[in-house]
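Visitor: Listed below are the residues making up each chain.
There are 2 protein chains.
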Amino acid sequence: MRLAIIGCGGVGRALLRLLQKKQAALAAEGLAVCINYVVDYYGGIYQPGGIDLEAFTGFCAQEPDITKFPGGSAAVTVDTIVQNADVDLAVIMTPTNKQTGQPGLGYMRALLSAGIHVVTSDKGPVLLAYEELRQLARERGLQLGIGCTTGGALPAVNGGVMDMAGARILSIEGVLNGTTNFILKEMEDGGVSYEEALQKAQKLGIAETDPTLDVEGWDTATKLLILTNVHMGLKKTLADVEVSGITKLTNEDIRQAAKEKKKYKLIGRTAVTEQGVSMSVGLEAVCSSHLLYGVEGRNKAVMYTSDTLGELVLMGGASGVTPAAASVLRDIVNIHRGYDFVR
Amino acid sequence: MRLAIIGCGGVGRALLRLLQKKQAALAAEGLAVCINYVVDYYGGIYQPGGIDLEAFTGFCAQEPDITKFPGGSAAVTVDTIVQNADVDLAVIMTPTNKQTGQPGLGYMRALLSAGIHVVTSDKGPVLLAYEELRQLARERGLQLGIGCTTGGALPAVNGGVMDMAGARILSIEGVLNGTTNFILKEMEDGGVSYEEALQKAQKLGIAETDPTLDVEGWDTATKLLILTNVHMGLKKTLADVEVSGITKLTNEDIRQAAKEKKKYKLIGRTAVTEQGVSMSVGLEAVCSSHLLYGVEGRNKAVMYTSDTLGELVLMGGASGVTPAAASVLRDIVNIHRGYDFVR
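Listed in order, the protein sequences are those of chains R and D.
Count the first sequence with the working numbering and you get residues 381 to 723, in order.
Count the second sequence with the working numbering and you get residues 381 to 723, in order.
Do not take every clue at face value.
Between beta-carbon pairs, the in silico distance windows are [said to hold, decoys possible]: (1) R:Thr617 <-> D:Ala407: 26 to 34 Å; (2) D:Pro444 <-> R:Ala665: 35 to 43 Å; (3) D:Gln400 <-> R:Arg723: 19 to 27 Å; (4) R:Arg723 <-> D:Glu434: 24 to 32 Å; (5) D:Glu519 <-> R:Gly495: 28 to 36 Å.
What the hints contain is simulated information worked out from the structure, not anything from laboratory work.
The beta-carbon is built from N, C-alpha and C at its ideal position, and this holds for glycine as well.
Construct the complete structure from the given sequences, taking the supplied hints into account.
Guide: This is the structure we're talking about:
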């Protein structure tokens, strides 16, 4: 399988290290990977015979400008890949823009149109144009892997597609954001205020300097929306989700809930009702019999209910660049094993 | 896809009802199913143009002897299917024999050799000869779906194969038996003795009249063994599993554990150590931070730890003939979607 890597930040480099480390294991199931391109901000590298991964990962540890590597040039871009069309699959790990989806969206359209499978970690294009991209892939007999866009290592997309195959998903419920779940646990266990818990999360590098997207519920809403559109075949937008966050929760609220043996979770929920599909994100005090009660700290989970397979909870999902890269690799391997994600 | 149904008991009939009910949904993804054979104890039905499912499910509600249905004959057997080789996939739902694997094992060998995909709910052959059957399928470019043998609706097999694709599974831990988990919950909540809880489970049809296989841990051991062999590529046998059950647990034990905020679970565990792979089944008092702590009542769960994707818990898995049939259907659909389970 000839690959192009587009976007060579933390996850991209972790993926290259993984592909190197797992070369033998992948070859054992018939998957011999050859990296023909690495493209990022500065330009790219093109080596039709395959880039030496060991040399390249060593190089990357020293030098941010990849065009200085053999085969590198500012003239090697995504356009080069599209024109040459000499790879089987492109991994798109561009920075996410949830308003325009660019540059990832344009890349995906061009690469799929050129007959190249796409696997991506970029939420923007999937959020804005999943159905269009799926159709494009389908018409050309190509695959589109998006597992990394929702939960990283947590197989939330796989769970709804592969583990629920043949069943109809009736509702989706999830603790989809590790940062807010960590803050809630700190407030609960330590009795500290929201502000103090947030500061601790920021110190540990769990929360970002501007935590708005996480704490106001937008990251959860984004993931819920992707899962809803993918699993229910819909074309909803963020405007269809009722969103609230965790910033107003007090320790008194937590104490009151604890009296009833309940815990607060930031839950994203899609339900099919007689009035249609409703989507919401907000704090809920859940009791111990609720299957998401035990999702603690940085863990994430998603629960599907279905017509014939009952309830399924998927919980876990390690955080960081290596698990995210492993999630991209999972899609690549499942495509190699022949799975049709875009049927 | 032309199917043969072998074994027409509760799960078999539920599958036929499901295939009928889901005809339109399956057709929408290009899966038009045609049942050419139904074979069971009395003989079978052969209709090369496809059996009318609506008529047949109606007939089944009235009459146990399927050979009285049009196309039925005592002479239609699995041999007929093997000789004609005019189906794409056979679903084998024979009663399980864990000592010999028969009759399912012989059927699977013959059908795979005849170039027919196999999906099965029969634990026996998978327990005794998974690797042989996998190789047989692989050599002939066929698939072997075994999801229903371990947890029914719970996608324990899928979870380790599809959701962990590209990662190496380092340990398997599970609450794999709903009956014992129900009994433990009854003892915990109701303060009743083991015997009383067992009687309640028997009254509700959750425990069998002879509950030995469940309460002594053998059902858990069987499932653990299948998952271990499938996910780790091993050929272990039941003799390699250290097995104990729940029959000696007292209410005093439960009270002591509760003081430490722990709960007893019957846990099957496979761990890779420096000494090799160890497998065991036994009661463990787990604390609330353990990801299997929240698996209550008849629920089941399995947890995988891996090298690159961290921990994954799959929890849920409705019980009964319809969810079991839906699990068989899941394998059929995933095979239709092109997945290579036997790589």
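Visitor: Evaluate each hint against the coordinates.
Guide: Structure-based check of each hint:
{"no.": "1", "hint": "R:Thr617 <-> D:Ala407: 26 to 34 Å", "in the structure": "30 Å, holds"}
{"no.": "2", "hint": "D:Pro444 <-> R:Ala665: 35 to 43 Å", "in the structure": "51 Å, violated"}
{"no.": "3", "hint": "D:Gln400 <-> R:Arg723: 19 to 27 Å", "in the structure": "21 Å, holds"}
{"no.": "4", "hint": "R:Arg723 <-> D:Glu434: 24 to 32 Å", "in the structure": "26 Å, holds"}
{"no.": "5", "hint": "D:Glu519 <-> R:Gly495: 28 to 36 Å", "in the structure": "32 Å, holds"}
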